[in-house]
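Number of protein chains: 2
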Amino acid sequence: MASNIYDIAYELEKALKNSQEYATLQAKYEETRIDPAAKKLFDQFRNIQMKLQEKQMTGQNILQNEVEEAQRVAAMVQQNQKIVQLMDAEQQMSIAINEINKIIMKPLDELYGKMSQ
Amino acid sequence: MASNIYDIAYELEKALKNSQEYATLQAKYEETRIDPAAKKLFDQFRNIQMKLQEKQMTGQNILQNEVEEAQRVAAMVQQNQKIVQLMDAEQQMSIAINEINKIIMKPLDELYGKMSQ
Ligand SMILES: [Ca+2]
Ligand SMILES: [Ca+2]
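Chains as they are written, first to last, in the numbering used here: chain A, -10 to 106; chain B, -10 to 106.
In isolation and in its complexed conformation, chain A is listed as follows:
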């Protein structure tokens, strides 16, 4: 068994890249990417999300027409099966990544927990 943390991190990278979650995500990205209408809608959705997130993080007001645009694009996204499947694959991958992080960070959480008692 490797014991250097970076060696094991590289093993984990390789395992993630060979996982079912990654294969599915890669396939769903590709299906969306090569479909011009789906790709355009997906980019639009991501851009709106990022813009609203940035406004929220920097304490700027979100305008009524921005909320309406976000809702309109989100409704269109839900009608696009390629994007729906891509976002489902993203969520599955996100669940795996969160689980991994919870495992890795356990020793640090224990230290912080002990410190805040």
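It should be emphasised that the hints constitute simulated quantities derived from the structure, not laboratory data.
Small disclaimer: the values here were computed from a predicted structure and weren't measured.
Glycine included, each C-beta is placed from N, C-alpha and C at the ideal position.
Be aware that one or more of the hints could be misleading.
Which chain B residues stay away from chain A? Per the calculated CB distances, all over 12 angstroms, these [to be verified]:
{"no.": "1", "residue": "E10"}
{"no.": "2", "residue": "I37"}
{"no.": "3", "residue": "A59"}
Heads up, incomplete: computed chain A residues facing chain B, CB under 10 angstroms, no partners named [claimed, not checked]:
{"no.": "4", "residue": "E0"}
{"no.": "5", "residue": "K6"}
{"no.": "6", "residue": "S8"}
{"no.": "7", "residue": "Q49"}
{"no.": "8", "residue": "L52"}
{"no.": "9", "residue": "Q53"}
{"no.": "10", "residue": "N54"}
{"no.": "11", "residue": "Q70"}
{"no.": "12", "residue": "Q80"}
{"no.": "13", "residue": "Y101"}
Position chain B with the ligands against the provided structure of chain A, taking the given hints into account.
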């Protein structure tokens, strides 16, 4: 070599827990925790940081006297060798964690990068 991502994540947890960075951080936490004056100052510093961060994230105004209190406590922290050493150990651990995350997330970054072209 294990190939299940969670098996490898547990290996990584164990390796992190056995690392020099972790041993140092644990020792520095303990030295601060058992020193009442250092512990009190450290808690005070963390509470102020968390309060200001929360205000910033929720877009609330940070008051002038809060800025001054944060500066005053930060100056006291820099005079406390136990806390200075603890924060240095936290930074070393943070560098290792960031490096690990960069390695693990590389396949996902590649997917996202390809998608945003
Ligand atoms: Ca289409
Ligand atoms: Ca003291």
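A quick look at each hint next to the structure:
no., hint, verdict
1, E10, "violated, 8 angstroms"
2, I37, "holds, 15 angstroms"
3, A59, "holds, 18 angstroms"
4, E0, "holds, 5 angstroms"
5, K6, "holds, 4 angstroms"
6, S8, "holds, 6 angstroms"
7, Q49, "holds, 8 angstroms"
8, L52, "violated, 15 angstroms"
9, Q53, "violated, 17 angstroms"
10, N54, "violated, 20 angstroms"
11, Q70, "violated, 18 angstroms"
12, Q80, "violated, 13 angstroms"
13, Y101, "holds, 9 angstroms"
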